[in-house]
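Protein chains: 4
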Amino acid sequence: MTSNNQKPCSESRLRVRYAETDQMGVVYHANYFVWFEVGRVDLLRRLGFNYKDMEAQDGCRIAVADARCRYKSPAFYDDQILVRTHIRNVRSSMIHFGYEVLRETDGALLAEGETTHIVTDAKMRIISMPDKYLQAFRAAIDKSRLLQETT
Amino acid sequence: MTSNNQKPCSESRLRVRYAETDQMGVVYHANYFVWFEVGRVDLLRRLGFNYKDMEAQDGCRIAVADARCRYKSPAFYDDQILVRTHIRNVRSSMIHFGYEVLRETDGALLAEGETTHIVTDAKMRIISMPDKYLQAFRAAIDKSRLLQETT
Amino acid sequence: MTSNNQKPCSESRLRVRYAETDQMGVVYHANYFVWFEVGRVDLLRRLGFNYKDMEAQDGCRIAVADARCRYKSPAFYDDQILVRTHIRNVRSSMIHFGYEVLRETDGALLAEGETTHIVTDAKMRIISMPDKYLQAFRAAIDKSRLLQETT
Amino acid sequence: MTSNNQKPCSESRLRVRYAETDQMGVVYHANYFVWFEVGRVDLLRRLGFNYKDMEAQDGCRIAVADARCRYKSPAFYDDQILVRTHIRNVRSSMIHFGYEVLRETDGALLAEGETTHIVTDAKMRIISMPDKYLQAFRAAIDKSRLLQETT
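Here the protein sequences line up with chains A, B, C and D, keeping their order.
All residue numbers for the first sequence refer to my numbering, where the first residue is -14 and numbers rise by one.
All residue numbers for the second sequence refer to my numbering, where the first residue is -14 and numbers rise by one.
All residue numbers for the third sequence refer to my numbering, where the first residue is -14 and numbers rise by one.
All residue numbers for the fourth sequence refer to my numbering, where the first residue is -14 and numbers rise by one.
Any given hint could be a false lead.
Repeated chains share a single entry, so a pair holds when one copy, or any two copies, can fit it.
[Unchecked claim] DSBU-like mimics (lysine-lysine), calculated; alpha carbons at most 30 angstroms apart, straight line:
#1 57 / 117
#2 108 / 57
#3 108 / 37
#4 128 / 108
#5 37 / 128
#6 128 / 117
#7 37 / 117
No wet-lab data here; the hints were simulated from the structure.
Please work from the sequences and hints to get the whole structure.
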């Protein structure tokens, strides 16, 4: 399954901050994981709920279990960045996100990555996520699959 | 009262991380406030208690109300940094810290700063700090004054 | 001169990232200085040039000499933040910016701050900034004063 | 090849900073990649050269091409952290590092990760690393293998 087959569920735009560069003159690599988080939160918001409420109201946390990034081309200070986030897979206590980071001006692919999250309660014990979240995630995946078949 | 008159209560050593530099090739200025925090925590530890316990056991938080840094000379990647932290003033619900940041190899003064903190409970309401903390702070200040008079 | 008299020259909007919170459940205080930088860069852009070009084309850097922030009320994860940035003063080799950080939803003032910058070359020696920058800064200040007198 | 077979080449110690926590009350996941960098730099230093010189004197940069972290157990504020870094593989223009992050007090394995780096010049073009570096890396790997066979 190539990334072309994965319809993006969410697009986030941000501009590279000076604080995010390092002395090599490019964005410090760990910051891409922060950008992934920005994309993830936006995707959740687009699905109709936000992570803040998940934590505050449902005591439901999405802890990172695995994070990976492959760097293709450096990002520079002041670049306009596009983060495409999609849900790759979801189970009752696990969510798998995929990401593409591009520079808007030239469309260059800067990085690809993925994160796997487990759903836990406030005490970090694995739980099944509340049904409303699971259904929203699954609906998003089904809708994305449908779009792929018809295009 | 010049900084020469303020006996340092605590010295912290750290090495500049690549992540802390920016594309100007020097340490990004906001990171000095993180180093101040390292110094502050070490000073608290040296006084016989730690900030982790203050939060967890006494529900007592030290929220930053004011932070300032004057930058004298840039710090570079891999520099060995010395943070000197002293207590400038303490009241039942307020603590005032001062900091000096130096490079160990040449003793250059890189920055000076200060932070003012208010003591709050978990809900961010101002409280008087538990007496054991206030006494420890005051004893540290008195001891420091005594040292100054005898030297 | 109160902050009410200082017409904002630039407004920047950002959303609090999870990465910017700390275990107190609020935005870690050092991050406000990163937000100030976001505001500063936007203000420069609004004046018709960008900081990236100042560094790359004119070898002209704006190094932070002094930074201060007074914290009024905590910012929380996912808050919509408004950073108002204005130029307080400018001289050939010095620029002084002021900042106000507000939460958009309730208009609460979260923090106020200021930074002083010196203009240097790539080797960190103080220089006079290129005339085009100085004129742009002065024009912005004059325009702001004019607006104040007529309102 | 399990991680038990990989003799650590370097051990780095650090203490969790308040700035590194997030509102979940644990270390924000992106910070582990900063810790990996601390481990990597220490390992290079132990091999007799430092990354600062590689950049400044040899114009030789080690850009991250791939970074991954698997999170096993959360790290908390003020934890004493041990980062074990080893070289997994080295070629003339590629280095592969592995990492284990442990809490010193209870020996808990907090995370495992790896990073792949390509050697580039200052303009981000892939180059073969200077021979002195390649030999030092290979000697370290051979020595490590020898230790494994004899134990």
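Each hint, compared with the structure:
no.	hint	in the structure
1	57 / 117	between (37 angstroms within a copy, 28 angstroms between copies)
2	108 / 57	between (37 angstroms within a copy, 15 angstroms between copies)
3	108 / 37	both (17 angstroms within a copy, 18 angstroms between copies)
4	128 / 108	neither (34 angstroms within a copy, 42 angstroms between copies)
5	37 / 128	within (25 angstroms within a copy, 42 angstroms between copies)
6	128 / 117	within (16 angstroms within a copy, 53 angstroms between copies)
7	37 / 117	within (15 angstroms within a copy, 36 angstroms between copies)
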